[in-house]
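J.: Sequence:
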Amino acid sequence: MRRSFAAFGLTLTIAVAALLGPAPATARAEVVARINLSSQQMVVYVDGRARYGWDVSTARAGYRTPVGSYRPTRMHRMWYSRKYDMAPMPNSVFFRGGYAIHGTPHVRSLGRPASHGCVRLAPENARTLYRLIADRGMKNSRVVITR
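For the sequence shown, the positions run -27 to -1, 1 to 120 when mature numbering (1 follows the signal peptide of the UniProt record, and there is no 0) is used.
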């Protein structure tokens, strides 16, 4: 039952993104990951069309996830956070200093703020985003974070 509900939520997120139209001109790139802090959702646009909609976890109280439009700066299949006890960060896409989008084993927290500032995704979704950006190139990708 939970799985079918998650699939419905994913379909609904993509449908809403499709109604909103293509990615905004200010965020034009082949791959655009739009993260909304209020809804704790990411919509991934490929060539201007919404292709994926996923729950995320961003900064919990006392921490922050930076708002703005960024190009990915580096990528690592596996990174270990030197700041947070060598916590694993699979399929990391860094976009501003130490801030990254990455996979997490804490999937029950997705959909609500729970991180130290990074954008957490389910492992399979992080892998999908990582591959999209790796295939299209960091210079053809953008991370857009809004409130």
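Don't take each hint at face value.
What the hints assert, rightly or not - Distance windows between CB atoms, simulated:
{"id": "1", "residue 1": "P78", "residue 2": "R37", "range": "16 to 26 Å"}
{"id": "2", "residue 1": "G35", "residue 2": "N113", "range": "17 to 27 Å"}
{"id": "3", "residue 1": "T46", "residue 2": "R100", "range": "32 to 42 Å"}
{"id": "4", "residue 1": "R69", "residue 2": "S11", "range": "16 to 26 Å"}
{"id": "5", "residue 1": "G21", "residue 2": "Y57", "range": "13 to 23 Å"}
{"id": "6", "residue 1": "Y57", "residue 2": "R104", "range": "35 to 45 Å"}
{"id": "7", "residue 1": "V80", "residue 2": "N9", "range": "13 to 23 Å"}
{"id": "8", "residue 1": "R104", "residue 2": "P61", "range": "10 to 20 Å"}
{"id": "9", "residue 1": "R24", "residue 2": "T46", "range": "19 to 29 Å"}
{"id": "10", "residue 1": "K112", "residue 2": "G71", "range": "30 to 40 Å"}
{"id": "11", "residue 1": "G35", "residue 2": "K112", "range": "14 to 24 Å"}
Unchecked claim - Think about it this way: if two alpha-carbon atoms lie no more than 20 Å apart in a straight line, the pair counts; the simulated SDA-like pairs of lysine to any residue are:
{"id": "12", "residue 1": "K56", "residue 2": "R37"}
{"id": "13", "residue 1": "K112", "residue 2": "K56"}
{"id": "14", "residue 1": "K112", "residue 2": "H89"}
{"id": "15", "residue 1": "K56", "residue 2": "R69"}
{"id": "16", "residue 1": "K56", "residue 2": "H89"}
{"id": "17", "residue 1": "K56", "residue 2": "G35"}
{"id": "18", "residue 1": "K56", "residue 2": "D20"}
{"id": "19", "residue 1": "K56", "residue 2": "A87"}
{"id": "20", "residue 1": "K112", "residue 2": "R47"}
{"id": "21", "residue 1": "K56", "residue 2": "A32"}
{"id": "22", "residue 1": "K56", "residue 2": "R81"}
{"id": "23", "residue 1": "K112", "residue 2": "T101"}
{"id": "24", "residue 1": "K56", "residue 2": "G70"}
{"id": "25", "residue 1": "K112", "residue 2": "E3"}
{"id": "26", "residue 1": "K112", "residue 2": "G35"}
{"id": "27", "residue 1": "K56", "residue 2": "S42"}
{"id": "28", "residue 1": "K112", "residue 2": "R33"}
{"id": "29", "residue 1": "K56", "residue 2": "R22"}
{"id": "30", "residue 1": "K112", "residue 2": "V19"}
{"id": "31", "residue 1": "K112", "residue 2": "H49"}
{"id": "32", "residue 1": "K56", "residue 2": "G21"}
{"id": "33", "residue 1": "K56", "residue 2": "R33"}
{"id": "34", "residue 1": "K112", "residue 2": "A34"}
{"id": "35", "residue 1": "K112", "residue 2": "P78"}
{"id": "36", "residue 1": "K112", "residue 2": "T46"}
{"id": "37", "residue 1": "K112", "residue 2": "R37"}
{"id": "38", "residue 1": "K112", "residue 2": "P86"}
{"id": "39", "residue 1": "K56", "residue 2": "A34"}
{"id": "40", "residue 1": "K112", "residue 2": "A32"}
Quick caveat, the hints were computed from the structure, so don't treat them as lab data.
For every residue, glycine included, the Cβ atom is placed at its ideal position computed from N, Cα and C.
J.: All hints, please: hold or fail.
T.: Consistency of the hints with the structure:
no.	hint	in the structure
1	P78 / R37: 16 to 26 Å	23 Å, holds
2	G35 / N113: 17 to 27 Å	35 Å, violated
3	T46 / R100: 32 to 42 Å	19 Å, violated
4	R69 / S11: 16 to 26 Å	20 Å, holds
5	G21 / Y57: 13 to 23 Å	36 Å, violated
6	Y57 / R104: 35 to 45 Å	25 Å, violated
7	V80 / N9: 13 to 23 Å	19 Å, holds
8	R104 / P61: 10 to 20 Å	18 Å, holds
9	R24 / T46: 19 to 29 Å	23 Å, holds
10	K112 / G71: 30 to 40 Å	21 Å, violated
11	G35 / K112: 14 to 24 Å	34 Å, violated
12	K56 / R37	15 Å, holds
13	K112 / K56	27 Å, violated
14	K112 / H89	26 Å, violated
15	K56 / R69	15 Å, holds
16	K56 / H89	10 Å, holds
17	K56 / G35	16 Å, holds
18	K56 / D20	35 Å, violated
19	K56 / A87	16 Å, holds
20	K112 / R47	11 Å, holds
21	K56 / A32	15 Å, holds
22	K56 / R81	23 Å, violated
23	K112 / T101	18 Å, holds
24	K56 / G70	12 Å, holds
25	K112 / E3	9 Å, holds
26	K112 / G35	32 Å, violated
27	K56 / S42	24 Å, violated
28	K112 / R33	30 Å, violated
29	K56 / R22	36 Å, violated
30	K112 / V19	14 Å, holds
31	K112 / H49	16 Å, holds
32	K56 / G21	35 Å, violated
33	K56 / R33	16 Å, holds
34	K112 / A34	32 Å, violated
35	K112 / P78	29 Å, violated
36	K112 / T46	9 Å, holds
37	K112 / R37	25 Å, violated
38	K112 / P86	29 Å, violated
39	K56 / A34	18 Å, holds
40	K112 / A32	26 Å, violated
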